[in-house]
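Asks: Input sequences plus hints: build the corresponding full structure.
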Amino acid sequence: MAKVACLAWCALALGGALAQEPQHADYVWRLPRGFPTPAVPADNPMSEAKVALGRRLFFERRLSVTGRSSCASCHDPARSFSDGRAVAVGATGAALPHSAMALVNVAYNISFGWTRLDVRSLEAQMLEPLLNDHPVELGLAGRQQSVCAQLAADPTYSENFAAAFPHAGVAVTFEHLVKAIAAFERTLISGRSAFDRYVFDGDHAALPEAAKRGMAVFFSREAGCAGCHSGFNFAGNWRDAQGETGKPSFASNGTSERAIRVPTLRNVALTAPYMHDGRFPTLEAVLDYYSSLGEHAQSRRGSRYDPRLPRAALSARQRTDLVAFLRSLTDEAFVSRFAGAGSP
Amino acid sequence: MHIRVEVLSACMLLSAVPAAWANGGGAMEMPQANSREESPQDKAKERYNDGVREVRKADRFQDSAAQLVDPAKKERALHEARTRYSSSLAKFQEAVQLDANMHEAWNYVGYTSRKLGNYEAALAAYERALALKPGYPEALEYRGEAFLALNRIPDAQQAYLDLFATNRGLADKLLAAIKSWVATQRAAASGADPATVEELDKWVQERAQIASQTAALTREGSAAGWH
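Top line first, the protein sequences correspond to chains A and B. In the working numbering, each residue carries its 1-based index in the first sequence increased by 4. In the working numbering, each residue carries its 1-based index in the second sequence increased by 71.
Check before you lean on any hint, since a few could be wrong.
Unchecked claim - These stretches of chain A come out as covered by chain B in the derived footprint (C-beta under 8 Å, 3 or more residues):
hint, stretch
1, 202-209
2, 233-239
3, 267-280
Unchecked claim - Pulled from the structure, derived: some chain B residues nowhere near chain A, Cβ distances all over 12 Å:
hint, residue
4, Met101
5, Lys114
6, Asn120
7, Arg153
8, Asp170
9, Leu187
10, Ala202
11, Ala258
12, Ala263
13, Glu291
FYI, nobody ran anything at the bench for these hints, they're computed from the structure. Where is the CB? At the ideal position from N, CA and C, for every residue including glycine.
Replies: Structure, rendered in structure tokens:
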């Protein structure tokens, strides 16, 4: 009770102060309703020019050892920046251990990757796809200089870099390349789904009845989904301009011995197959799986079983309704924003 | 004398219910006494602080009036409240005359005007506050209540949605006000169109459900946790 009163107080006391937080420098975020202002590293402030450069680089095939792959090869905008494969395949054909994650609202991540706790920024994360060689993703290790020389020789790129890093002696550097792509990734903000129109715009016809029923199941304790997939991004704790809401959210839903980071469910209808290893081809299969966890909830008690997981089997109706709800989390405008991007 | 005592006990009761108080903001820090001559801004702050003290007293009288049963005592408390709302309104008006950019004072011009039943003046003052500080949650909430008092329902609903995205606490407060508007209209012999009232009631219920389901979406909700 004391806690509730305090919460009400804090909401009142802080509410005003939060909204008056100035925007980062002169960059204007166009945020969906209900979304906080993202945190931006002090040494990589946002600017329109940097984002535009990063966007171009994200689709740039010269950023790979073969000249045929780019970030977008594994992070396809049409699939909410995932790739449709169970596990990703690098530029030289080697399979990666995990599936390519969707890049949705990554500006709010506390950590990066399915299993890594130590990767804490987009800038740090990017060194993996760019430089990893066991297995190769883009395979640029040792080639940073020559790639930069190539880009510097391209008049548009050299202009774009100069506009993005106006105060630097040498504009086209590997560090700037990484910073520009990270700035672009911070703009991959998605929050205009039917769910958002229902909840934030007050369009009560935006969700079909089945999705509304599914929403009630999703947020119920019995199903437990929102215990892990919490927050505006359905991905547990987050980081924004005010700081982090807690530790990165890792949990086991039984797909692995180790804890896996709770993924966002925004645009999830576009990102099949599912889980870190792509084991489930459809959302229906995911729900069947959660239902079977619920069915065996009793016998699992006391074991590694996370108490937030479903406490009983989900009926066929509940599963269909949950799928309808998950489909309502698709933001069509986000996908179409990048339609045709990257094609030469 | 009698009122004093009852007011005090009402105050003690009320201190557990912060949402019942004026939420326009607290007193402002004043410059050190030894600093140079007072600027109009400093004077505006002084008037504002006087107004805030006065408005708190007014709120207390009004809240205690709501709890009093004896009609005579109730009327006396209401009278006290009105007197203090008027005198605080005068202070806030002086403040905005001295410093027209003081959005907090405009917000209280709105609040006190509304408490005195002058809704159009209240709306105009909230507009000033919001123009100076777009999205100012307290002004959005007060303005929503003024819309309600003027039966401007779609505007009140929009105010609720604007608040819902930024300040769930104040959004809840406005939703409660909309709910009691529905109750009042139902009870009144010549209230608003019954179909409109029932439709709004359905809307309130759906919004309340959405708000409770999605509490974990916000920073405060996620910190509260639910397991």
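Asks: Each hint needs a verdict: does it hold in this structure or not?
Replies: Right, here's what the structure says about each hint:
Coverage of the stretch 202-209 of chain A by chain B holds. Counting CB-CB distances below 8 Å, 6 residues qualify, and the rule asks for three or more. As drawn, the stretch 233-239 of chain A meets chain B at 3 residues by the rule of a beta-carbon pair under 8 Å; at three or more, the given contact holds. Given a C-beta distance limit of less than 8 Å, the hint that chain B covers the stretch 267-280 of chain A is violated, as 0 residues qualify and 3 are needed. Residue-level check passed: B/Met101 sits 20 Å from the nearest beta carbon of chain A, beyond 12 Å.
Distance check on B/Lys114: its Cβ is at least 24 Å (rounded) from any Cβ of chain A, clearing the 12 Å threshold; non-interface status holds. The Cβ of B/Asn120 lies farther than 12 Å from every Cβ of chain A, with a closest approach of about 17 Å, so its non-interface assignment holds. At roughly 25 Å, the least C-beta separation between B/Arg153 and chain A is larger than 12 Å, which holds for a residue marked as non-interface. Non-interface status of B/Asp170 relative to chain A is upheld: no Cβ of that chain comes within 12 Å, the nearest being about 18 Å off.
Non-interface call for B/Leu187 relative to chain A: holds, since the shortest CB-CB distance, roughly 24 Å, exceeds 12 Å. Remark: the non-interface label on B/Ala202 is consistent with the geometry, its nearest Cβ contact in chain A lying 15 Å away (cut-off 12 Å). Annotated as non-interface, B/Ala258 keeps its C-beta farther than 12 Å from every C-beta of chain A; the closest such distance is 26 Å. Listed as outside the interface, B/Ala263 is consistent with that label: its C-beta sits roughly 20 Å from the nearest C-beta of chain A, beyond the 12 Å cut-off.
Residue placement check: B/Glu291 does not keep its beta carbon more than 12 Å from all beta carbons of chain A (closest about 6 Å).
Checked against the numbered hints above, the structure violates hints 3, 13; every other hint is satisfied.
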